[in-house]
Structure formats: structure tokens, C-alpha cells
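Those protein sequences? They're chains Z and V, same order as listed.
So in my numbering, the last spot in the first sequence is 295, and the numbers never skip.
So in my numbering, the last spot in the second sequence is 363, and the numbers never skip.
None of these hints come from the bench; they were simulated from the model.
Just so it is clear, the structure is predicted and the values come from calculations on it, not from any experiment.
Mixed in with the good hints, there may be bad ones.
To be verified - Residues from chain Z that keep clear of chain V, each with C-beta distances beyond 12 Å, as calculated:
hint, residue
1, ARG56
2, GLU69
3, SER83
4, GLY86
5, PRO105
6, ALA112
7, ASN127
8, GLY211
9, LYS213
10, PRO214
11, LEU245
12, ARG260
13, ALA286
Unchecked claim - Computed footprint of chain Z on chain V, listed as stretches where at least three residues anywhere in the stretch have a Cβ under 8 Å from a Cβ of chain Z:
hint, stretch
14, 76 to 87
15, 113 to 124
16, 231 to 244
17, 266 to 278
For glycine and all other residues, C-beta sits at the position ideal for the given N, C-alpha and C.
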Amino acid sequence: MAMRKIQFVALARAAAFAASLLLPAIGVAADAKPSRIVAIGGSVTEIVYALGEEARLVGRDSTSVYPPEALKLPDTGYIRALSPEGVLSLNPDLILTLDGAGPPPALEALKAAGVRTVTIPEGFDRNAIIYKITAVGAALGAEDKAEALAGKVQAALDKAVALSAEQGRKARVLFVLSAREGRLMASGSKTQADGIIRMAGAENVLADIEGFKPVSDEAVIAAAPDVILMMTGTGDHAASNETVLALPAIAETPAGKAKRIVRMDGMYLLGFGPRTADAIVSLHEALYGNRKPGE
Amino acid sequence: MAEMAFAAEDQTRRSRVTRPALPQVVIALLVLGVVVASGISLTAGASDASALAVAGHWLGLGEVNAIAPRDLLIVEQIRLPRVVMGLLVGAALAVSGVVMQGIFRNPLADPGLAGVSAGAGLGAAGMIVLGGSLALPAIRIFSYATLPAAAFLGGLLTTVILYGISTRLGRTSIATMLLAGIALGALSGAATGVLVYMADDKQLRDLTFWSMGSLGGATWPKIATMALVLAASLAALPFMARGLNALALGEAAAWHMGIPVERLKRTAIVIVAAMTGASVAVSGGIGFVGIVVPHILRLAIGPDHRFLLPASALLGGALLVLADSVARTVVAPAELPIGIITAIAGAPFFLWLLLRRRNVLDL
């Protein structure tokens with residue numbers, strides 16, 4: 001655990017260093033702005049759109065599904081399984097990727113092809129979002145727009161977090177990633193789900209474990225969540241509310257007895273991009289309704 | 001099992017009398033097939049880079065600066081290594097399949113049977129999940145090589161254990177090896193399961209993609225390693241062919257025919273472990289080549305290993321290279337895992353062959 005944290009810090013520092021090198025370079029060659037950009041990573045693509053720079057996009061990865069117009073761009077596949085020739089076939093002059101893109105040989109080939117690649121660090125808190133916006137803006141040569149957007153998002157986030165912090169007793173939330181055949185895959189700490197639950201002024205009941213993990217029925221009952229949080233969508237997440245609430249593990253919890261289940265769009269809820277402030281407010285309202293602060 | 005022996009005899013007799021040139025003709029056609037498949041694969045891709053133009057550039061034809069550096073890079077650094085790697089891995093998997101089926105005298109045997117693939121998979125999973133925590137500088141620097149190395153070591157270790165379990169007083173029991181291989185495979189699978197449980201989201205995705213195979217990681221150092229392993233294994237093929245033909249009649253019969261049966265089995269195990277381990281290491285889990293290719297060829301040219309082994313190497317390579325062309329183009333600019341293509345194309349074709357020829361080959 002400690003090791004991971006150290007690595008993450010080192011990574012964030014390295015990324016910050018890379019960005020600091022980048023900023024002056026772009027400042028000098030202002031007329032050499034990239035015009036054919038491949039955006040890899042849902043929140044990166046969202047930020048490019050939020051900056052109004054989408055006309056320069058020529059491709060996206062399969063996790064970039066918002067805004068809906070982005071779906072019209074050619075899809076280069078999953079962020080961890082990029083095809084170097086596929087990306088190069090779009091003739092990009094900048095590849096803007098969320099941290100963790102791969103596989104390494106593909107990135108190596110792209111580097112060899114002389115295409116500039118900028119890595120945006122991922123993170124699940126307020127500062128990470130602001131940093132992503134600043135870094136994307138710097139890479140695009142749209143610093144002014146990025147500063148404006150970052151300011152706006154920062155204000156919205158602070159407001160949302162402040163609003164959420166006013167609760168007296170925190171709601172205890174269980175984030176369920178999937179409930180295939182009654183086996184629950186739920187979120188521990190250090191995940192997007194954990195981040196958004198905290199920011200919305202609630203408590204992740206499985207904060208003791210790390211990452212998305214299958215959890216036993218007993219652990220769920222012992223965790224006693226007030227609310228079940230899930231993503232809307234298909235595939236793994238397709239279990240209906242009735243099915244989930246009827247699961248033996250869930251039915252016994254306060255959430256199961258009160259039939260409290262909240263569904264939100266995955267990319268909206270977990271994207272950690274420009275829409276996260278809205279997501280915090282939506283989640284907060286869904287969790288607490290119109291309950292007065294301190295109640 | 002006995003049918004294969006009779007078929008072998010029958011085949012030898014028939015090929016002497018009625019169609020003496022057929023296996024040679026098929027092998028010649030397969031050589032042509034390898035060339036055509038490689039040509040197709042060099043030309044096909046997500047981008048419009050022209051392999052012909054690059055070939056012209058290599059030969060010094062055309063204008064010196066006519067070719068875009070990007071196209072040169074795509075053909076030389078992305079497509080060519082994949083083609084070469086596909087030929088090597090396809091050949092290794094198909095030949096491993098033939099050797100396994102021959103040594104176990106069972107048409108269902110495939111390279112995965114001896115637990116080698118599972119062991120290699122465990123090695124790879126271990127590196128994907130735990131590699132990041134081993135903050136050794138060496139792992140950071142050689143990160144491209146650590147995953148294949150871990151997979152190869154996993155496969156090798158499984159083989160050594162398997163061999164130790166099934167060998168007593170210098171005699172290797174094939175039946176024990178089969179059962180122990182299944183048990184070791186299950187054990188490796190369980191250990192991989194533990195790693196899957198520990199893995200985070202990204203590592204899970206990496207594991208999934210890895211298990212479906214890809215030639216995307218082809219680099220020249222990996223190709224050189226793979227080529228060495230394959231060359232060393234192919235050098236033993238003449239000895240293997242004679243031995244496996246005799247072994248089709250049973251171990252005792254082979255021994256009476258003067259075949260050094262124990263040495264044959266040892267060599268076979270070493271060859272299969274090295275080739276499967278190396279293949280899985282460089283390209284992940286690519287299924288079906290090891291079982292489909294030998295059977296297609298048995299139906300076409302009969303079970304004589306003298307022809308079956310080289311023909312399998314050629315067909316395996318050609319098919320994998322074609323599968324990779326499909327993988328690279330069908331969802332461009334994205335890419336499908338090649339294991340999906342080999343299974344989607346291989347399984348129905350195999351079934352069709354079985355239906356068409358079931359009166360000839362009674363498995």
C-alpha cells in the first residue's frame with residue numbers, strides 16, 4: 001500500500017515536471033498548435049470538448065463516450081490496448097492520453113514515429129481535476145480557456161463540496177460495480193467511486209479494502225449501508241434495482257429494508273472531469289434529498 | 001489411438017503406391033502460402049502505408065525521398081516484426097501440437113495440456129499484478145522484457161516439476177504426466193485466480209487482454225529469442241519424426257524398433273515446453289492453432305510425422321499471420337485480440353472438416 005502511494009506521488013511529480021517543461025515550449029511556438037489530436041481517456045476527451053477545442057480532435061479511445069458527439073470520432077480501442085498503426089493512421093500531431101495508456105510497445109512505436117505524446121495524470125479528488133484541465137489546456141495551447149474553465153470548475157467543486165460537508169450524520173454508501181449472478185463487485189478505497197462518495201459528503205462503507213473487489217454477503221451485511229449506489233447501463237451493470245435489492249446480502253441491510261438505491265451514469269459519476277461538480281451535487285441530492293443541514 | 005497407428009501404416013502404403021508426391025506438393029504449396037500470407041499481412045493495416053512503395057524504397061527504386069517516414073516506420077517497425085513474430089509463434093504452436101498429440105498418442109492433446117501454458121500464464125499474471133510493487137530499477141528499465149521472461153520462467157518451472165513428478169528411475173510415465181499436467185494446470189489457474197483477486201482495475205484489463213493474445217508486442221529482441229528457440233527445436237525434428245511415427249504403434253513396439261523411447265519423450269517435453277513457453281511469453285494466450293493445424297494436415301496429407309511436422313510449422317505460421325492481418329484491420333483504428341480471431345475462424349472450419357471427412361477419420 002505504502003509502496004503504491006510512493007509510486008503515485010513520484011508519478012504525479014514526474015508528470016508535473018513534464019508539464020512544466022511543456023508550458024514554456026508551447027508559449028514560444030504559439031503558432032505551432034497541434035491540429036490533429038487523438039484523445040485517450042474519457043475525462044481528457046471531455047475536457048477537450050469543455051474547452052471548445054473539439055474541432056482539433058481526430059480520434060478517441062473507447063472510454064471516451066461523452067459528450068455524445070465524441071462517439072462520431074474514430075475509436076482507437078481500449079486505453080490499455082491501443083494499436084500503434086491504428087493511432088498513426090489518423091495522422092495525429094498530438095496524442096493526449098490519460099495516465100495508464102498502453103501497452104508500452106505501442107507507446108514506444110508512437111514515440112518512434114515522432115508524434116508528441118502528452119500524459120495527463122489521473123486522480124480522484126478536486127485538485128486532480130483542476131490539474132487535468134490545466135495540463136490539457138497547456139498541451140492544446142489553450143491556456144486562457146483552460147484557466148477560465150479551471151476557475152469555473154474549481155468554484156463549482158468547492159461549492160459542491162462545501163454544500164455536501166454540511167451534513168450532520170453521513171450517509172453510509174455501498175458502491176456496487178456489478179451484481180452478476182448475485183455476486184457483488186463493490187468499491188473499496190482509492191477508486192473513483194470512493195472519491196465521489198467522499199466529495200458528496202457521504203461515507204464509503206468498504207473504505208477498509210482497496211480497489212474494486214468481490215465482497216461476501218456477510219461483509220455487506222456487516223457494513224450496513226444506508227444506500228446502494230450503482231451505475232446505469234448495460235452489460236455487467238444491467239441488474240435491475242429489484243434484483244439487486246432482493247439479493248440476500250442487500251435485503252438485510254438498512255438500504256435493502258428502505259429500498260434505497262441510487263443509479264447514475266458511469267462516466268458522469270466516475271469520470272473526474274468537468275462535470276464532476278454537477279455529479280457531486282446530483283449524488284448529494286440523491287443521497288440526502290431535501291434534508292436540512294445538521295439534521 | 002490405435003487407429004492413428006493403423007492410419008499411419010495405411011498412409012505410408014498408400015502414399016508409396018497411389019499418391020507418392022502429395023505431401024511434398026502440399027508442403028510446396030504451404031511455402032507459397034507463407035509467402036502470400038506474409039505479403040498480405042505486410043500490405044494490410046489500419047493506415048494507407050504501402051508495403052509495395054516501401055519494398056521499392058528498400059530496393060532503391062523510385063525517388064529517394066518519395067516515401068513518407070511515417071509509412072516507412074509503419075511497415076518496417078510495426079508490420080514487419082508482427083509478420084515475422086506471427087510466423088515463428090504460429091509454427092511453434094502448431095509443431096508443439098503435433099508433438100504433444102504424437103507423444104500422448106491422443107488427438108485431443110494440445111500444448112496447453114502439460115500445464116505449460118497455465119504455468120506461463122501464472123508467470124505473466126504475477127508480473128502484471130505484482131511487478132509494479134517490486135520497485136526494482138531493473139524492472140522499470142527492462143519492463144518490456146520482464147513480462148515475457150516471467151511467463152517463460154513460469155512455463156519452464158511447471159515443466160521441470162511435471163517432469164520430476166512423472167519420471168521414476170529414468171522412465172517417464174506419459175499417463176502420470178498427463179494427469180499431473182492437468183493438476184498443475186489447475187493449480188496454476190488457482191494461483192492466477194488469487195492474483196486476479198488482488199489485481200486492480202487496470203491490471204484486470206491487462207490480464208484479460210493478455211489472455212486473449214496479441215502480436216502487438218513484437219520487437220526484434222523478442223523475435224531473435226523466439227527464433228533461437230524455434231530453430232533449436234526444429235533441429236530435433238528429423239529425430240522426432242521417426243520416433244513419433246514408431247511411437248504411434250505403442251511404446252513397446254517403438255522400443256523394439258530400436259527407438260530410444262525415453263530420450264524421445266524427454267526431447268519432446270523439452271521442445272514443447274520451450275516452444276510453448278516462448279510463444280505464450282511473447283504473444284500471450286493464442287488458442288486453437290496447436291490443435292486445428294495438425295488435424296487439418298492429418299486430413300490432408302496423413303499422419304506421417306516426417307511431413308506433418310514441417311507442414312504444421314508452415315501452416316501454423318501462415319494462419320497466424322493471416323489472423324493477425326484480420327485482427328489489425330477489422331475494427332481499425334482499434335485492434336482485436338488475435339486469440340479471438342484464431343478461435344472464431346479455427347473452430348467452425350475444424351468442425352466443417354470433421355463433418356466432411358468423418359467417414360475417413362474416425363476419432
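Of the hints given before, which are not true for this structure? 3, 4, 5, 6, 8, 9, 10, 15, 16, 17
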